[in-house]
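Chemist: Whenever a hint applies, use it, and build me the whole structure from the sequences.
Note that our numbering gives residue 258 to position 32 of the sequence shown, counting from 1, and the numbers run on in steps of one.
The hints are simulated quantities; they were obtained by calculation from the structure and are not laboratory data. Among the hints, erroneous ones may be present.
Under the rule of at most 27 Å between Cα atoms (straight-line distance), these lysine-lysine pairs were calculated in the DSS-like manner [stated by the list, open to error]:
{"hint": "1", "residue 1": "K253", "residue 2": "K299"}
{"hint": "2", "residue 1": "K265", "residue 2": "K299"}
{"hint": "3", "residue 1": "K265", "residue 2": "K253"}
Pairwise CB distance ranges, derived in the manner of DEER restraints [said to hold, decoys possible]:
{"hint": "4", "residue 1": "G231", "residue 2": "D286", "range": "30 to 40 Å"}
{"hint": "5", "residue 1": "E308", "residue 2": "V288", "range": "18 to 28 Å"}
{"hint": "6", "residue 1": "G274", "residue 2": "V302", "range": "10 to 20 Å"}
{"hint": "7", "residue 1": "V302", "residue 2": "S273", "range": "31 to 41 Å"}
{"hint": "8", "residue 1": "A317", "residue 2": "G231", "range": "34 to 44 Å"}
{"hint": "9", "residue 1": "V288", "residue 2": "G231", "range": "30 to 40 Å"}
{"hint": "10", "residue 1": "S230", "residue 2": "H314", "range": "34 to 44 Å"}
{"hint": "11", "residue 1": "G309", "residue 2": "G241", "range": "27 to 37 Å"}
{"hint": "12", "residue 1": "D229", "residue 2": "A316", "range": "32 to 42 Å"}
{"hint": "13", "residue 1": "D286", "residue 2": "D240", "range": "16 to 26 Å"}
{"hint": "14", "residue 1": "S230", "residue 2": "A317", "range": "37 to 47 Å"}
{"hint": "15", "residue 1": "L313", "residue 2": "S230", "range": "33 to 43 Å"}
Glycine residues also receive a C-beta, built at the ideal position from the N, C-alpha and C atoms.
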Amino acid sequence: LVDSGADVNAGDEDGKAPLHWAAVHDKVDAIRCLVRECKANVNVCDSGGNAPLHWATWYDKVAAIRCLVSECKANVDAVDEEGRTALHLAA
227 LVDSGADVNA GDEDGKAPLH WAAVHDKVDA IRCLVRECKA NVNVCDSGGN
277 APLHWATWYD KVAAIRCLVS ECKANVDAVD EEGRTALHLA A
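Modeler: Below, the structure is given as structure tokens:
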């Protein structure tokens, strides 16, 4: 689909992009592929201002969190619409 011009950052009805879903389901290989090969925006936000890192943290997906932060360089200071970072969600 990406080769045919599909927008890898396009969201569903809630604004969640494929990277959000890969993070929620702890699919590290998919995260790597989306960011490295498909050039997905690692900090893409859904309609609530949540980045994939927020979702991975909220669902306690440790492998996804490591991948997003260490390998993909997700912005750990990104805030959602309520001003919360992933660290706030982890607390």
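Chemist: Confirm or reject each hint.
Modeler: To see whether the hints hold, each was checked on the structure:
For a cut-off of 27 Å, the pair hint linking K253 to K299 stands: about 17 Å separates their Cα positions. Distance restraint check for K265 and K299: the Cα-Cα separation of roughly 13 Å lies within the 27 Å cut-off, and the hinted pair is therefore satisfied. Distance restraint check for K265 and K253: the Cα-Cα separation of roughly 17 Å lies within the 27 Å cut-off, and the hinted pair is therefore satisfied. Against the hinted window of 30 to 40 Å, the Cβ-Cβ separation of G231 and D286 comes to about 35 Å, which satisfies the hint.
Roughly 23 Å separates the CB atoms of E308 and V288, a value that falls within the hinted 18 to 28 Å. Distance hint check for G274 and V302: the Cβ-Cβ separation is about 18 Å, which falls inside the suggested range of 10 to 20 Å. Checked against the hint of 31 to 41 Å, the C-beta distance between V302 and S273 comes to roughly 21 Å, which is inconsistent with it. In this structure the supplied range 34 to 44 Å holds for A317 paired with G231, their Cβ-Cβ distance being about 41 Å.
Hint check: V288 to G231, Cβ distance near 34 Å, so the stated range 30 to 40 Å holds. One distance hint, 34 to 44 Å for the beta-carbon pair S230 and H314, holds here, with the actual separation near 39 Å. Take G309 and G241: their Cβ atoms lie about 18 Å apart, and the range 27 to 37 Å is violated. Look at D229 against A316: about 37 Å separates their beta carbons, and that is inside 32 to 42 Å.
For the hinted restraint 16 to 26 Å between D286 and D240, the CB-CB distance of approximately 20 Å keeps it satisfied. For the hinted restraint 37 to 47 Å between S230 and A317, the CB-CB distance of approximately 42 Å keeps it satisfied. As the Cβ distance of L313 to S230 is approximately 38 Å, the hint placing it in 33 to 43 Å holds.
Of the numbered hints listed earlier, those contradicted by the structure are 7, 11.
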